[in-house]
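For reference, the chains in residue letters:
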Amino acid sequence: MTQANSDAAREAAARFTATYDKIKTEIGRIMVGQDEIVEGVLTALFAGGHVLLEGVPGLGKTMLVRTLGEAVDLGFSRIQFTPDMMPADIQGTQVLVEGEGGGHELEFREGPLVSNLVLADEINRATPKTQSALLEAMQERQITVGRRTIKLDEPYCVMATQNPVEQEGTYPLPEAQLDRFLLKLVIGYPQESDYAAILDRTTGSDDVAINAVSTGAEINALREVVRAVPVPEHAKTHAIRLVMATQPGSDYATPEVNEYVSLGASPRGAQALLLVGKVKALLDGRFAVSTQDLDAAAKSVLRHRVMINFHALSAGITTDALIDGVTQSLRATATA
Amino acid sequence: MRQALQEDLDQVALRGAAELRAARAARTTAREAPRALPLIWLLPLFGLATGLAALAIGASPRLLTLPTLLALMAGAPLLFIAIQAALAWLTPPDRTTALAIVDEELNLSGRALLADEFLAKEASGELGPFEAAALDEAGPAVRRATWTPLAFARASWSPGEESAPHFVAATLLLFLYAWFSAAIIGANEPALQPGDPAVVAGLDTPSSKASQTDADAEDTAEQTAPKPTPKIAKTGKPAEPKKGEKAEQLPDNMRASAGKTGKGKSSEAQSQSSASESRGAPSGQSPAPPKESAKKAQTPKKPKKKTQADEPPRDPKEESEAGGSTAGKGSAKGSNRNTTTSKWSSKDQVTTPDDQEIDEDEDTEDEDEEQKSRGGMQPNLRDRRPPTSRDLRIGFGNRPSPDANGRGGPSEGKKSRGTASLVLGVPIPDRVKGQPNAGPTRITQERIEPSAEDAAEATAQARRERDAALGELERPAPLQHPRLLAPWQKKLIQAYIDGRRQSAPVTQP
Chain A
825 MTQANSDAAR EAAARFTATY DKIKTEIGRI MVGQDEIVEG VLTALFAGGH VLLEGVPGLG
885 KTMLVRTLGE AVDLGFSRIQ FTPDMMPADI QGTQVLVEGE GGGHELEFRE GPLVSNLVLA
945 DEINRATPKT QSALLEAMQE RQITVGRRTI KLDEPYCVMA TQNPVEQEGT YPLPEAQLDR
1005 FLLKLVIGYP QESDYAAILD RTTGSDDVAI NAVSTGAEIN ALREVVRAVP VPEHAKTHAI
1065 RLVMATQPGS DYATPEVNEY VSLGASPRGA QALLLVGKVK ALLDGRFAVS TQDLDAAAKS
1125 VLRHRVMINF HALSAGITTD ALIDGVTQSL RATATA
Chain B
-7 MRQALQEDLD QVALRGAAEL RAARAARTTA REAPRALPLI WLLPLFGLAT GLAALAIGAS
53 PRLLTLPTLL ALMAGAPLLF IAIQAALAWL TPPDRTTALA IVDEELNLSG RALLADEFLA
113 KEASGELGPF EAAALDEAGP AVRRATWTPL AFARASWSPG EESAPHFVAA TLLLFLYAWF
173 SAAIIGANEP ALQPGDPAVV AGLDTPSSKA SQTDADAEDT AEQTAPKPTP KIAKTGKPAE
233 PKKGEKAEQL PDNMRASAGK TGKGKSSEAQ SQSSASESRG APSGQSPAPP KESAKKAQTP
293 KKPKKKTQAD EPPRDPKEES EAGGSTAGKG SAKGSNRNTT TSKWSSKDQV TTPDDQEIDE
353 DEDTEDEDEE QKSRGGMQPN LRDRRPPTSR DLRIGFGNRP SPDANGRGGP SEGKKSRGTA
413 SLVLGVPIPD RVKGQPNAGP TRITQERIEP SAEDAAEATA QARRERDAAL GELERPAPLQ
473 HPRLLAPWQK KLIQAYIDGR RQSAPVTQP
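Sequences listed follow chains A and B, in order. So that you can map any letter, position 274 of the first sequence is 1098 in this note's numbering, and since no number is skipped, the others follow by simple counting. So that you can map any letter, position 129 of the second sequence is 121 in this note's numbering, and since no number is skipped, the others follow by simple counting.
There may be inaccurate statements among the hints.
To be verified - Pairwise CB distance ranges, derived in the manner of DEER restraints:
no. : chain 1 : residue 1 : chain 2 : residue 2 : range
1   : A       : 1051      : B       : -5        : 26 to 36 Å
2   : A       : 1090      : B       : 446       : 50 to 60 Å
3   : A       : 1019      : B       : 115       : 52 to 62 Å
4   : B       : -5        : A       : 1020      : 54 to 64 Å
5   : A       : 1024      : B       : 10        : 56 to 66 Å
6   : B       : 445       : A       : 1016      : 56 to 66 Å
7   : A       : 1020      : B       : 153       : 50 to 60 Å
Claimed, not checked - As a list, the in silico SDA-like pairs of lysine to any residue whose alpha-carbon atoms are at most 20 Å apart:
no. : chain 1 : residue 1 : chain 2 : residue 2
8   : A       : 1060      : B       : 113
9   : B       : 113       : A       : 831
10  : A       : 1060      : B       : 88
11  : A       : 848       : A       : 1014
12  : A       : 1123      : A       : 1011
13  : A       : 1060      : B       : 172
14  : B       : 113       : A       : 1052
15  : A       : 1060      : B       : 120
16  : B       : 113       : A       : 832
17  : A       : 1060      : B       : 99
18  : A       : 1060      : B       : 487
19  : A       : 1060      : B       : 86
20  : A       : 1060      : B       : 111
21  : B       : 113       : A       : 829
Claimed, not checked - Pulled from the structure, derived: some chain B residues nowhere near chain A, Cβ distances all over 10 Å:
no. : residue
22  : 6
23  : 44
24  : 151
25  : 155
26  : 159
27  : 167
28  : 171
To be clear, the hints were calculated from the coordinates, so they are not data collected in a lab. Remember, it's a predicted structure, so these values are computed and weren't measured experimentally. The beta-carbon is built from N, C-alpha and C at its ideal position, and this holds for glycine as well.
Can you make the complete structure from the sequences, with help from the hints?
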């Protein structure tokens, strides 16, 4: 029986890896380079989380999300956030339509939030009121408009982008909303070797068509596989200490954290660490989460959950550097 | 299969524990070695300090020999480090830590740890499919860990630049210690031997009579020698005390005394103290009437060399006689008595602090009793102050006018409170009593260094000629007083000005 069980797990893990590779390959037909970003987006998709993409314009953020929607045959909608956008613009509202008999009646028209893959472009340009309209959709997977509550179809994934420059007239995302993103991926400039391929694909006459290599149902099934990956006690302890180490004043906080961090990660950060660690373990061909998986996921999971203070800003300390110090400190403590 | 995995895990845990113990011992050695370094200079420093302290209090310093000190300097840090390392070695690591060490060292991605955990789960029948797959996958990795050599990085320590000051300080202190033990202690040892309490106590014992006889003989030889003692040189004739003969016959450094009289001091110390005291205070050594000096010379208990501190308290008669000696350089006004020997002066100088202490103690006790009687409900009565004076009279505060004589005339000022303050004509000062102005004046002085300041450059230049006529000038009013200028004076001035105009005509612009 044990052997049969282990065989089932192996098959599930193999199916997961195969699907993951197919989607990644399909996206790679459009996207050149940015492997880490593509892997991060797929990880969030399989882990059931949302992604915050940060990068300057022109790096292919929108194209990545649209390509992903096409590759997995999911509904895709894009919202270009502007300061004058209202919650009804993204959630939906009742409009007066003409009935068949010539009369008029109110009919609810769903907003762009009702989809599978939602690209919230330049989310920090919307007002907090509109940003807050995303909270319910991201956490509860439902939206409430008036007396109407709409359950969102799974898989549901919000992929928001924001521009690190041109911060004039923007509304930085509040901590409550940042915490709801599973990952924050920072997109950098492509490598020199990637530029030629990007130019060829985007300026030539050949139009690359993306094929749907997976479905929403398969994604949902693979999400169950991810959730089934066990987490040993030592890995769980490591995840907890990793999160606690970002909280100033805790037992595991480094001196840099105590000096430069104003707000540490919440327990939701530990949940995200384990989910991402499970995906990484499956991708690595293992059947349980290890501390290396957690360390590898720490930056993308924790960088938007750790708020640095003014001293860190003035000293040029980044959250990535602080998280690196935290992981090194914990590893040194574990081997002591 | 699972049994083999369990055995492999046990073996890996043993390997990991051994590696961890060794690593902890090495790390403890590296950590504690810099902390133990100060011991190599603290030991000679401590030896020097104790030796100096012993010399300062007059005790016999007992110092370690150089080889012993060197052995301690080398052995103490090593012993300290060895104890710390042994404690680290003896602390047993738990199984989880040992397996984690092997996982980390061999990069097993936690397979050893999870295998250990999932095996326990399998025994309780809670194993899931992924856990079973993880166990199957961990088997080969754990087997490999049983024979793969562990290259665990161990901390090491070697004396670097930071340890150089310690060695330099130890060398310097070692040389200082050697010099100290050779020079100071070596010189003091023979002098201290006869002064040893055992020797002094044994002077009266029969067994020590032989040595005492030898010492007497040496003393006699010294006395008969042509070299005069200071005592003989001062008095011109040798003193012949009978009771103090024994002590006189002892060597100077063996003279015993008691308490404040300086009996515990050596003769050298006594002579030093007597010299200093003779400078500071008038004594009986100053020129005295011949009668008294003769009387003192007849007194066997008071050799002239003795100081005032060594003297027993005199009787009042003797003090009155001694007061006639012209000791002080400046005599007191209205009295030719020596103030240092008079009764009242000594009582005034000596007893006043004691009286104050006694008074303060009594006051404190009274206040404590009062506080106890009130049950501690009131603040400390020691801080109580007299109530604020509400006297509004003008002039002399609470004191009566010094001009008041009780027979009319100026009397005490009227009170300016109550009804009296409503009566006009009773001035109320608009100032703080006792202050020359409206209140305290605070003067703050700041030290400011002069500093250069930018200023517009001013160029010196000659005054130019007037480039326009002045126009009509107002003439002064005619002099009202005829005496200011006499007619001849007016003529003289007019002639002078006319002459000036003729000699130097005014240039027209």
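>> Need the status of pair residue 113/B, residue 831/A: alpha-carbon distance at most 20 Å?
In response: Holds, because 19 Å separates the two Cα atoms, which is no more than 20 Å.
> Range hint 50 to 60 Å: satisfied by the CB atoms of residue 1090/A and residue 446/B?
Replying inline: holds, 59 Å
>> Taking 54 to 64 Å as the stated bounds, is the beta-carbon spacing between residue -5/B and residue 1020/A within them?
In response: holds, 59 Å
> Are residue 1051/A and residue -5/B spaced within 26 to 36 Å by their CB atoms?
Replying inline: The hint (26 to 36 Å, Cβ to Cβ) holds, given that residue 1051/A and residue -5/B are roughly 32 Å apart.
>> So residue 167/B supposedly isn't at the interface. Is its beta-carbon more than 10 Å from every beta-carbon in chain A?
In response: Fine: 42 Å to the nearest Cβ keeps residue 167/B off the interface.
> Holds or violated: are the alpha carbons of residue 1060/A and residue 120/B at most 20 Å from each other?
Replying inline: Distance of about 17 Å is within 20 Å: holds.
>> Check the hint pairing residue 1060/A with residue 487/B against an upper bound of 20 Å on the C-alpha distance.
In response: violated, 123 Å
> Quick one, are residue 1060/A and residue 113/B close enough, alpha carbons at most 20 Å?
Replying inline: holds, 16 Å
> Would you say residue 171/B is clear of chain A, with no C-beta pair closer than or equal to 10 Å?
Replying inline: holds, 47 Å
>> Confirm or reject: residue 155/B is not an interface residue toward chain A, with every Cβ-Cβ distance exceeding 10 Å.
In response: Fine: 25 Å to the nearest Cβ keeps residue 155/B off the interface.
>> Need the status of pair residue 113/B, residue 832/A: alpha-carbon distance at most 20 Å?
In response: holds, 19 Å
>> For a C-alpha distance cap of 20 Å, please report whether residue 113/B and residue 1052/A respect it.
In response: With Cα atoms ~16 Å apart, residue 113/B and residue 1052/A stay inside 20 Å; holds.
The structure fails to meet hints 13 and 18 from the earlier list, while all remaining hints are met.
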